[in-house]
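Start from chain Z and add chain W according to the hints.
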Amino acid sequence: MNFFENQERSKKKSVQLIAMFILAVTGIILAVYAVIIFIIYQYSGKGHASYPGIGNDIFKWIDPQLLLLVGFATLCIILGGSIVKIIALRRGGQYIAESLGGRPVNSSTKDPNEKKFVNVVEEMAIASGVPVPVAYVLEGETGINAFAAGYSPNDAVVAVTNGCLQRLSRDELQGVVAHEFSHILNGDMRLNIRLIGLLSGIMIITTIGSIVLRSSPRSRKGSPPLMLAGLALIIIGYIGVFISRMIQSAVSRQREYLADASSVQFTRNPSGIANALKKIGGFSRGSILKTSLASEASHMFFSSAIKTLFATHPPLVKRIRRIEPSFSGNFAEFQKIKAEFKPKKAATMGFSGPGEQIAINADNIAGQMGMVLPEHVQFSTTLLGSIPPEVRKEMSDPLGASAVVLALLLNEDKVEKKHQIKNLEQIAAGEIIRHTLLIDKVISGLDSNLKLPLLDLALPTLRQMSPAQFAQFKQAITSLVESDGKLSLFEFSLQQIIASRLEASYHPAAKKQIYKSIEPLIDDAANLIAKLAFVGHADKTVAQKAYDAAMKRIPVSAAGSKPAVISDISFDKVGRAISHFAASKPGVKQVIIDACAHCVLFDRTVSTAEAELLRAIAFSLDLPLAPFLTDTDSVSY
Amino acid sequence: MTAIIILGIIIAIVLAVIAIYNRLVTQRNRYKNAFSQIDVQLKRRYDLIPNLVEVVKGYMKHERETLEAVIQARNSAVNASRQASGNPGDPGAMKNLNAAEGMLSGALGRLFALSESYPDLKANQNMMQLQEELSSTENRISFARQAFNDAVMAYNISREKFPNTIIAGMFNFTEAQLLESTETPEERKAPKVSF
Numbered sequence: 001m002n003f004f005e006n007q008e009r010s011k012k013k014s015v016q017l018i019a020m021f022i023l024a025v026t027g028i029i030l031a032v033y034a035v036i037i038f039i040i041y042q043y044s045g046k047g048h049a050s051y052p053g054i055g056n057d058i059f060k061w062i063d064p065q066l067l068l069l070v071g072f073a074t075l076c077i078i079l080g081g082s083i084v085k086i087i088a089l090r091r092g093g094q095y096i097a098e099s100l101g102g103r104p105v106n107s108s109t110k111d112p113n114e115k116k117f118v119n120v121v122e123e124m125a126i127a128s129g130v131p132v133p134v135a136y137v138l139e140g141e142t143g144i145n146a147f148a149a150g151y152s153p154n155d156a157v158v159a160v161t162n163g164c165l166q167r168l169s170r171d172e173l174q175g176v177v178a179h180e181f182s183h184i185l186n187g188d189m190r191l192n193i194r195l196i197g198l199l200s201g202i203m204i205i206t207t208i209g210s211i212v213l214r215s216s217p218r219s220r221k222g223s224p225p226l227m228l229a230g231l232a233l234i235i236i237g238y239i240g241v242f243i244s245r246m247i248q249s250a251v252s253r254q255r256e257y258l259a260d261a262s263s264v265q266f267t268r269n270p271s272g273i274a275n276a277l278k279k280i281g282g283f284s285r286g287s288i289l290k291t292s293l294a295s296e297a298s299h300m301f302f303s304s305a306i307k308t309l310f311a312t313h314p315p316l317v318k319r320i321r322r323i324e325p326s327f328s329g330n331f332a333e334f335q336k337i338k339a340e341f342k343p344k345k346a347a348t349m350g351f352s353g354p355g356e357q358i359a360i361n362a363d364n365i366a367g368q369m370g371m372v373l374p375e376h377v378q379f380s381t382t383l384l385g386s387i388p389p390e391v392r393k394e395m396s397d398p399l400g401a402s403a404v405v406l407a408l409l410l411n412e413d414k415v416e417k418k419h420q421i422k423n424l425e426q427i428a429a430g431e432i433i434r435h436t437l438l439i440d441k442v443i444s445g446l447d448s449n450l451k452l453p454l455l456d457l458a459l460p461t462l463r464q465m466s467p468a469q470f471a472q473f474k475q476a477i478t479s480l481v482e483s484d485g486k487l488s489l490f491e492f493s494l495q496q497i498i499a500s501r502l503e504a505s506y507h508p509a510a511k512k513q514i515y516k517s518i519e520p521l522i523d524d525a526a527n528l529i530a531k532l533a534f535v536g537h538a539d540k541t542v543a544q545k546a547y548d549a550a551m552k553r554i555p556v557s558a559a560g561s562k563p564a565v566i567s568d569i570s571f572d573k574v575g576r577a578i579s580h581f582a583a584s585k586p587g588v589k590q591v592i593i594d595a596c597a598h599c600v601l602f603d604r605t606v607s608t609a610e611a612e613l614l615r616a617i618a619f620s621l622d623l624p625l626a627p628f629l630t631d632t633d634s635v636s637y
Numbered sequence: 001m002t003a004i005i006i007l008g009i010i011i012a013i014v015l016a017v018i019a020i021y022n023r024l025v026t027q028r029n030r031y032k033n034a035f036s037q038i039d040v041q042l043k044r045r046y047d048l049i050p051n052l053v054e055v056v057k058g059y060m061k062h063e064r065e066t067l068e069a070v071i072q073a074r075n076s077a078v079n080a081s082r083q084a085s086g087n088p089g090d091p092g093a094m095k096n097l098n099a100a101e102g103m104l105s106g107a108l109g110r111l112f113a114l115s116e117s118y119p120d121l122k123a124n125q126n127m128m129q130l131q132e133e134l135s136s137t138e139n140r141i142s143f144a145r146q147a148f149n150d151a152v153m154a155y156n157i158s159r160e161k162f163p164n165t166i167i168a169g170m171f172n173f174t175e176a177q178l179l180e181s182t183e184t185p186e187e188r189k190a191p192k193v194s195f
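If you read the protein sequences in the order shown, they are chains Z and W.
All residue numbers in the first sequence are consecutive under our numbering, ending with 637.
All residue numbers in the second sequence are consecutive under our numbering, ending with 195.
For the record, the hints were derived by calculation from the structure and aren't laboratory data.
Cβ atoms here follow ideal geometry from the backbone N, Cα and C, with glycine treated the same way.
Be careful, since some hints might not be right.
Straight-line alpha carbon distances no greater than 30 Å define the calculated DSS-like cross-link-like pairs of lysine-lysine that follow [what the hints assert, rightly or not]:
#, chain 1, residue 1, chain 2, residue 2
1, Z, K451, Z, K422
2, W, K57, Z, K116
3, W, K32, Z, K474
4, Z, K573, Z, K516
5, W, K57, Z, K110
6, Z, K12, Z, K417
7, Z, K110, Z, K414
8, Z, K474, Z, K414
9, Z, K573, Z, K545
10, Z, K585, Z, K116
11, Z, K441, W, K32
12, W, K43, Z, K393
13, W, K122, Z, K441
14, Z, K486, Z, K474
15, W, K61, Z, K393
16, Z, K12, Z, K516
17, W, K43, Z, K116
18, Z, K393, W, K161
19, Z, K474, Z, K545
20, W, K161, Z, K110
21, Z, K115, W, K32
22, W, K43, W, K32
23, Z, K115, Z, K393
24, Z, K441, Z, K393
25, W, K43, Z, K110
26, Z, K573, Z, K552
27, W, K43, W, K95
28, Z, K110, W, K32
29, Z, K441, Z, K417
30, Z, K393, W, K32
31, Z, K417, Z, K474
32, Z, K414, Z, K451
33, Z, K573, Z, K540
34, Z, K451, Z, K115
35, Z, K545, Z, K585
36, Z, K115, W, K43
37, W, K122, W, K57
On the chain W side, residues computed to face chain Z include the following (Cβ under 8 Å) [what the hints assert, rightly or not]:
#, residue
38, I4
39, L15
40, Y21
Bound conformation, chain Z alone (with noise of 0.2 Å):
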């Protein structure tokens, strides 16, 4: 299964949630319906005009224009309360992971286990090829538990518990990293979203019954209709409660078990989730939460956070035997295991074999979309061990994480440099240009390869700036990149890498998919992929076939398009193309993802101009595009 059809089929959960939200409003419209007219009867005193002799004849139950009321009533109060809330959680992870309790976890941090933590997430992300998502940690929480969250990946977090930190290795760790990566690259995380909005809205009304049953009066000779009313709606919220759990539970079991095996795929070390689950299993407050919220995110959570007669995940026994099929069950054993197990490596059930080359094949880009091999982790540590030190240290700060940026858009040439920040000077604060220099100094002699890292680890402290400021980031930037008239490739794909993944923390936005098929644009898939092949491909013969080949893979017959002449697209007509293609179903962008490969890759070598192409290409598409790695030794991000 790709990432393509994974995302699908998380379109599909969506639907059957809708489905099954739907039963859960009618019944409990119901079961409201039948308590009013239940409290109608006993204090009508039997003799209503309306209800004469009822309980007799179970039609003389029904009372359309009651009916009515109630169902309108009730479906305002759960559809209401469901909007109120998806709409909230649309600003993304953030605002899930603080909602929580949670706290950004600063790069910068001292604490070993929070850096552990945040090495294991930087890594992790630059494997997979998704933006890197804010850490955070939830720092009331002794149990072990973790959670994903967000509406696209480009403004997810990744959450830990305290417990988590404390209690687990490193190895152990990645692997709950891993699992919650699964879920990212997976589309879980919208599908969770739409759930705790629906779950919310039924779960109002006990929150109503609550209040009516609190504010009715004491007294003996107040209203007793009022206070059984409250009453009711409490039971019958709790019904819902009841209905929602098994809702949560039908969505999201499956979903763990698949993001289990993600997590041994990803790191090809199925110890470490396998043990992390049973330090749950032997630790006594498992991975239960305090926080009043969980139940209605616990289908969210690594591990069920609540306990619940309908389980939001499979049993621990269960997922560890899936992954270490002798486990014997008995976790007695973990009980006072600290973070100083050491797992071994044993690919008992890897996915793939050990041996398993992973040559760059462009068949594979879009099919491998969303999978991590443990040779790009592996790369990804190595990559961002050779990032200097003391740049590593500049970005754990908004300030200095902004500085990097803007360091990285500073023209080599020397008059050039001076004119940029005579600009700069205008818009941007002294403090800001005088690290941006400093950090210059040590980049401009880094390896072109290690921009765009650069530039992908920046990102989530830069979304810790304040409104106002990330504005002026934005002009800052501008300004740099216009102050030489020119354009260049680099500018471009830094620009639209900002765009689509600070943009969306910023302002957040649904994404609208307009575009169904790839008929209405094939004039941009054409552009696109000449600029690609045009700036791949130093020989005109060898771009135009590079081009040739890679319009073939697009089914539509592109012989009635564009004449092919491969020459210097403008960057308008690429971004515009970008952004069209941004706008369309995951078909469509499985479809020019993969032409993209395959022009790319023509010549069997991805230059790094290339690389940066079609890296800003996979990340306004919300594509995960993981590093290219080579037999040779010239690896390129």
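The following block gives chain W in isolation, referenced to the frame of chain Z:
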């Protein structure tokens, strides 16, 4: 029909209350998180100061008072920041932090001004490094403070708006205090003086 309308109004009110409440909670968490950014940098500065004093001590034998003032100011700033990080935005705690930070900046400023007359100290490699670290931390603090103040401002504005102000009153969303820049213009210059 009237029943439907009344019910509809009640429901709308309840939903609005919930939405406003949630928004206020998130904004409060946001500025609290923004404070933790400042906190990291403040801690870094507090860690640097003892090293600075250690280096300076060797050269400035006759300036014990100034050094002690720096240490004292640093210690009270550490306390104030601990209090503030427990409850960021709390007017009392923030005012204490403002005052303590002002004292510390002043004491550091005097120390740097004095060090002008010790050429050996000026040439000391460690001293130069610490100086650089301190001023860089200073910059980070001011950047983080800006973000914090933006977040506090957004929260305060949103809690004062109608009808949010009613809900804020009901659920005890108190006004948050901005963290002012503690440095007067000349103090601001002081730690940045290059030798």
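Hints, verified against the model:
1. Z:K451 x Z:K422: 23 Å, holds
2. W:K57 x Z:K116: 37 Å, violated
3. W:K32 x Z:K474: Answer holds: K32 (chain W) to K474 (chain Z) is near 25 Å, not above 30 Å.
4. Z:K573 x Z:K516: 21 Å, holds
5. W:K57 x Z:K110: 27 Å, holds
6. Z:K12 x Z:K417: Violated: K12 (chain Z) and K417 (chain Z) sit about 52 Å apart, past 30 Å.
7. Z:K110 x Z:K414: 38 Å, violated
8. Z:K474 x Z:K414: 23 Å, holds
9. Z:K573 x Z:K545: Within the cut-off at roughly 22 Å; holds.
10. Z:K585 x Z:K116: Roughly 37 Å between the alpha carbons, so the hint for K585 (chain Z) and K116 (chain Z) is violated.
11. Z:K441 x W:K32: It is violated: about 35 Å lies between the C-alpha atoms, which goes past 30 Å.
12. W:K43 x Z:K393: Holds, because 15 Å separates the two Cα atoms, which is no more than 30 Å.
13. W:K122 x Z:K441: 24 Å, holds
14. Z:K486 x Z:K474: 18 Å, holds
15. W:K61 x Z:K393: 35 Å, violated
16. Z:K12 x Z:K516: 16 Å, holds
17. W:K43 x Z:K116: 20 Å, holds
18. Z:K393 x W:K161: Status violated; Cα separation ~40 Å.
19. Z:K474 x Z:K545: 39 Å, violated
20. W:K161 x Z:K110: 40 Å, violated
21. Z:K115 x W:K32: Holds, because 21 Å separates the two Cα atoms, which is no more than 30 Å.
22. W:K43 x W:K32: 16 Å, holds
23. Z:K115 x Z:K393: Answer holds: K115 (chain Z) to K393 (chain Z) is near 12 Å, not above 30 Å.
24. Z:K441 x Z:K393: 15 Å, holds
25. W:K43 x Z:K110: Status holds; Cα separation ~11 Å.
26. Z:K573 x Z:K552: Distance ~21 Å between K573 (chain Z) and K552 (chain Z) Cα, so the pair holds.
27. W:K43 x W:K95: Roughly 18 Å separates the two Cα atoms, so the pair holds.
28. Z:K110 x W:K32: With Cα atoms ~20 Å apart, K110 (chain Z) and K32 (chain W) stay inside 30 Å; holds.
29. Z:K441 x Z:K417: Measuring from Cα to Cα gives roughly 12 Å; hence the hint holds.
30. Z:K393 x W:K32: 23 Å, holds
31. Z:K417 x Z:K474: 18 Å, holds
32. Z:K414 x Z:K451: Given that 30 Å is the threshold and the Cα spacing comes to 19 Å, the pair holds.
33. Z:K573 x Z:K540: This hinted pair holds, its Cα atoms lying about 21 Å apart.
34. Z:K451 x Z:K115: OK: K451 (chain Z) and K115 (chain Z) at ~23 Å, within 30 Å.
35. Z:K545 x Z:K585: Answer holds: K545 (chain Z) to K585 (chain Z) is near 28 Å, not above 30 Å.
36. Z:K115 x W:K43: 17 Å, holds
37. W:K122 x W:K57: 13 Å, holds
38. I4: 6 Å, holds
39. L15: Holds. Min distance 5 Å.
40. Y21: 11 Å, violated
Checked against the numbered hints given earlier, the structure breaks hints 2, 6, 7, 10, 11, 15, 18, 19, 20, 40 and satisfies all the rest.
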